[in-house]
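Undergrad: If you want the building blocks of each chain, they are given just below.
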Amino acid sequence: GESVGLHLPTLSVQEGDNSIINCAYSNSASDYFIWYKQESGKGPQFIIDIRSNMDKRQGQRVTVLLNKTVKHLSLQIAATQPGDSAVYFCAENERAYSGGGADGLTFGKGTHLIIQP
Amino acid sequence: DVKVTQSSRYLVKRTGEKVFLECVQDMDHENMFWYRQDPGLGLRLIYFSYDVKMKEKGDIPEGYSVSREKKERFSLILESASTNQTSMYLCASSPSGRANEQFFGPGTRLTVL
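Chains as they are written, first to last, in our numbering: chain A, 355 to 471; chain B, 582 to 694.
Just chain B, same shape as in the assembly (with noise of 0.2 angstroms):
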């Protein structure tokens, strides 16, 4: 089975804190993915990578970077964070030529206050 791991399933940090969240898969994937999930809003796409070193933004990305310096590794940063960037964050990866079969982590719930 693929095995996403997010490093933390819940978050409390401050206004203005630098903020890490990690995600590993153990499925040799090519393709990982950050979102995030608010009530009423759904899962939106904040940022993906398609291969080692490789990023692209996806709808939301302000306010957020990432780093993929090895395959099974994806992380998000917040660089400040701000107490609107509270909200569950989503990782995911999928493999090459399957790409829309995306496989999800549990998720962490971050909140800034």
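Excised from the complex, chain A in its bound form (with noise of 0.2 angstroms):
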């Protein structure tokens, strides 16, 4: 897959604000994306996700946004708490494989978000 990158390496914000971190990615075929949380020393742990045909998708304290039209995608955290402290890596696919069949993901080089007290 083409390359996904993030548009800045570190985010610092203050507890209790929201927390936007984003990502651009190249590849205009792709058409699954996926955030992770890495906490240090743990493997990344899956957030949400959104499929290209859709703009919004909401969890809880968490919403992606999509804009295809650019190739961007963002996280937003509300209210953002210190155990949201960790690496938040983007990463996409060309396929779904909701049907099966498998293929690795192509993963941004990560944004560390930094909870100021």
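If you are wondering where the hints come from, they were derived from the structure by calculation, not from laboratory data.
Cβ atoms here follow ideal geometry from the backbone N, Cα and C, with glycine treated the same way.
Check each hint, because a few of them may be wrong.
[To be verified] Residues of chain A placed beyond 10 angstroms of chain B at every Cβ, according to the derived structure:
#1 S366
#2 N372
#3 A378
#4 N381
#5 S382
#6 N407
#7 Q430
#8 G437
[Said to hold, decoys possible] If you want the footprint, here are the derived chain A segments under chain B, 3+ residues with CB under 8 angstroms:
#9 391-400
#10 411-425
Join the two chains, each given in its own frame, into one complex according to the hints.
TA: What follows is the structure in structure tokens.
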């Protein structure tokens, strides 16, 4: 797949504020996008995903926005807490693989979210 | 909860050694993956498998091989370790029909001296 990248390597926010983590992708054929959270010393953990036929999806305290026109993906975290400190990765795949088959994900390089007390 | 375990958290090997990294998942997932994670490069796919005894090359398979003799176990093999294979290795698994919902293990940090 083509590269998936992030606008900022580090994002610092005040506790209680909302966080917005951005991701730019270059593969116009991407059909599936996913956000992972990786805490120090742990493997990545699934947060939320979105298909290319959607432009917004909400989870618990998180929202993912997809703008296919400019190939931009963002993760919004409401009321940021200390436990949100982590590196956040966006990832994509050209296929959703909802009917079988598999392929690896193409990951961005990550954004380190730092929570200020 | 899905559990993906990796045999070692930290491993130190010497150049030229044969290295085995083991991964086991307990959720009967069909798909399993090996990635390496390096600072500034994110995660890169080495190999994956969508069934027992099946394997597919990822983006950076050179210097690696894999083995999937049982559904729950996926091994990554470094035939002759080199210093540029010093990295964090992450194993993941996912179910058929939801292949992109990958569950990751804690990782093995391999240092090759």
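Undergrad: Among all the numbered hints in the text so far, which are the ones the structure does not match?
TA: Going through the list in order, the structure violates hint 10 alone and respects the others.
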